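Undergrad: What follows is the residue order along each chain.
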Amino acid sequence: MKLWRRKRKGTRRGLITDFMPPEGVPLIFQVAPLGARAMAQTIDLLLTLAFAASFVGLLALSLNAPWALLQTLGALIFFAIRTPYYVITELLWQGRTLGKSITGLRVISADGRSLGAKAIAIRNLMKEAEVFTPLTLLAVAQDLSPFWRIVTVVWLGCIIAVPLLSPKRQRIGDIAADTVVIAEPKALLLPDLAAAPVEAAAERFPFLPHNLEHYGVYELQTLEGLLHAPPTVSHAAAERRAQTLASVVEMIRRKIDYAEAVPQHEHDAFLKAFYVAQRRHLEQRQLMGERRADKFHKQTPAVSGTEPS
Amino acid sequence: MDGAEEGMIRSARFRAEREGDWRRLEALVTTVDKRGLRALSFEDAEALATLYRRAVNSLAVAREISLDRSLLTYLEVLCARAYLAVYAPTESLGGLFRRFFQLSAPAAVRRCWAEILVAALALLLGGLTGYALFFENPSWFDVIVPRDFGDPRGPEATREDLLGVIYDKNETTLDALGAFASYLFSNNARIAIFAFALGAFGGLPTFPLVFYNGTIIGLFAALHVDRGVGLDLFGWLSIHGVTELGAVVLAAGAGLSLGRAVLFPGRLRRADALRAAAGDAVKVALVAALMLVAAALLEGFGRQLITDTTTRILIGWGVGALWLIWSMGGRKR
Numbered sequence: 001m002k003l004w005r006r007k008r009k010g011t012r013r014g015l016i017t018d019f020m021p022p023e024g025v026p027l028i029f030q031v032a033p034l035g036a037r038a039m040a041q042t043i044d045l046l047l048t049l050a051f052a053a054s055f056v057g058l059l060a061l062s063l064n065a066p067w068a069l070l071q072t073l074g075a076l077i078f079f080a081i082r083t084p085y086y087v088i089t090e091l092l093w094q095g096r097t098l099g100k101s102i103t104g105l106r107v108i109s110a111d112g113r114s115l116g117a118k119a120i121a122i123r124n125l126m127k128e129a130e131v132f133t134p135l136t137l138l139a140v141a142q143d144l145s146p147f148w149r150i151v152t153v154v155w156l157g158c159i160i161a162v163p164l165l166s167p168k169r170q171r172i173g174d175i176a177a178d179t180v181v182i183a184e185p186k187a188l189l190l191p192d193l194a195a196a197p198v199e200a201a202a203e204r205f206p207f208l209p210h211n212l213e214h215y216g217v218y219e220l221q222t223l224e225g226l227l228h229a230p231p232t233v234s235h236a237a238a239e240r241r242a243q244t245l246a247s248v249v250e251m252i253r254r255k256i257d258y259a260e261a262v263p264q265h266e267h268d269a270f271l272k273a274f275y276v277a278q279r280r281h282l283e284q285r286q287l288m289g290e291r292r293a294d295k296f297h298k299q300t301p302a303v304s305g306t307e308p309s
Numbered sequence: 001m002d003g004a005e006e007g008m009i010r011s012a013r014f015r016a017e018r019e020g021d022w023r024r025l026e027a028l029v030t031t032v033d034k035r036g037l038r039a040l041s042f043e044d045a046e047a048l049a050t051l052y053r054r055a056v057n058s059l060a061v062a063r064e065i066s067l068d069r070s071l072l073t074y075l076e077v078l079c080a081r082a083y084l085a086v087y088a089p090t091e092s093l094g095g096l097f098r099r100f101f102q103l104s105a106p107a108a109v110r111r112c113w114a115e116i117l118v119a120a121l122a123l124l125l126g127g128l129t130g131y132a133l134f135f136e137n138p139s140w141f142d143v144i145v146p147r148d149f150g151d152p153r154g155p156e157a158t159r160e161d162l163l164g165v166i167y168d169k170n171e172t173t174l175d176a177l178g179a180f181a182s183y184l185f186s187n188n189a190r191i192a193i194f195a196f197a198l199g200a201f202g203g204l205p206t207f208p209l210v211f212y213n214g215t216i217i218g219l220f221a222a223l224h225v226d227r228g229v230g231l232d233l234f235g236w237l238s239i240h241g242v243t244e245l246g247a248v249v250l251a252a253g254a255g256l257s258l259g260r261a262v263l264f265p266g267r268l269r270r271a272d273a274l275r276a277a278a279g280d281a282v283k284v285a286l287v288a289a290l291m292l293v294a295a296a297l298l299e300g301f302g303r304q305l306i307t308d309t310t311t312r313i314l315i316g317w318g319v320g321a322l323w324l325i326w327s328m329g330g331r332k333r
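Protein chains in written order, with the numbering used here: chain C, 1 to 309; chain F, 1 to 333.
Hint data in this document are derived by calculation from the structure and do not stem from the laboratory.
Keep in mind that the hints are not guaranteed to be accurate.
[Stated by the list, open to error] No more than 27 angstroms apart at the CA atoms, straight line, and that leaves these computed lysine-lysine pairs for DSS-like:
1) C:K295 with C:K272
2) C:K255 with C:K272
3) F:K34 with C:K295
4) C:K295 with C:K255
5) F:K34 with C:K186
[What the hints assert, rightly or not] Computed Cβ-Cβ distance ranges for the label pairs, DEER-style:
6) C:F79 with F:G94: 19 to 27 angstroms
7) F:L163 with C:L164: 51 to 59 angstroms
8) F:L263 with C:L46: 34 to 42 angstroms
[As the list claims (entries may be wrong)] Which bits of chain F does chain C cover? Going by a derived footprint, with three or more residues having C-beta under 8 angstroms, they are:
9) 67–75
10) 113–123
11) 232–240
Computed from a predicted structure; not experimentally measured.
Yeah, the Cβ is synthetic: ideal placement off N, Cα and C, and Gly gets one too.
Construct the entire structure; sequences and hints are all you get.
TA: Rendered as structure tokens:
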């Protein structure tokens, strides 16, 4: 049946790649890790439980009611507040409950449109069957007949299996409401290495076309990562970095056949100049339709997104 | 600046020209993240939309022309964050409730009329069956009805036992509270929940569940009629039962509409048909939940305070009529 067929499409290494907003440019989101989701769920559960418990505590102080009645009332209050809590918080805080905003998660609509009240209601009402009922059954497991114990185990197995098998880690409620839980995107804009005045460096280290034929995008971006490394604090770290730069410079010089030796104090400048020249070269090639992925000259399709790290 | 830009490579120039816009967008998005869309002034909200579209444009271009990974990563994330800010849910709670109760819920109930009718028929058939079974052989009662320990109502009960339950009075509010609380976990509420939730399995479990519930009521009715207290039972059941059984029927109807989507998806894929039916089904189920709470209030408080049969019947059916009128309202003209 089509309802239960597994689909692997739409994700790559924990990223959602088929998300198309109305603007028509695909955006990339990171699927929320299951551990973080379990954490968020636990926080939310504890919060609502604490609320119900404090309510019952107040009642107990003011009413002098028997324990059994208090228990029933507590269960009732918990029942009455839990689903509204999720619906209202996700509606007011843009798809985040308290637990989700602590763990940096967020609910979005999988079809690229705005997350609607209906989707929020559906995914959280399903929580009743997916989370609360099995948890309740677990809590009273000792008093259950063998039949109901088997039912509980099978139920729990299915509940856990669905997000594990689903490529976007959707639980049943997510599938019904067509929503995905994502990790909140975060990133800094690092300075552009090619933005600094490059003329002088280009004159100091002239690279010829045959120097630039060796490397591809992968090596270029690895070099970028190396050059973006945060400033070192300790003397030993500075020493290590100088050694790394020296060996990288040697390797590049040998590979690209760059004759002139580079003195130690110019290692950084050399690498920056090489980065700019190599990037200019590769970008020009890419504009002509030739995208070189790495030094093995692997060709990749021109359109591909990079991933937020 | 011009001199510096001359010598820059294309993608660096591209970035230098647009970086200011991105920074501004980032600031706006951070505001929305922290304080919501409402915190923006009119100009800012307008700028957010424009800057977002511009940033998405830049992203599309940068993916083609730039190999600067820090730029690509940043733009990907900025666009994703801006998307989340621009397309954040904007509905207000008050508006949501008003729309639900005035328009969408009654309309959903009306759209599910056929399924609700089937569920009501199942309940009625069950009731008739139970009634007939009792007069054939009263021991059916013990076979079918789950009895709590100490409940005097059974085939061997006397007229006085039955009347005792029907006109039982709770002494304190505490008792009423207890009755209210225990109610929600009572038989009918459970059946309503299961009838809805199991509807997705082709609606097959829903029908027997409702039928079974009807059978129990039929057996009860037959027992009381047999002892000559039929009218008293009618009053006792009416005050909350009209609402409560209405809720069971609505929940079952919602479950059946899910079942219909799974069994007869038409030209849609099953998952899509289920999703399409879920909208109405969830609304109807929410109405049913609301009716269950109302029935709990009527049972916990109303039934104990009002012991006159006529008043009980009037209140019960009056409330039932109100539900009916409400479900007929809210049409768009």
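Undergrad: Any hints this thing doesn't respect? Which numbers, in order?
TA: Hints 3, 10, 11 not satisfied by this model.
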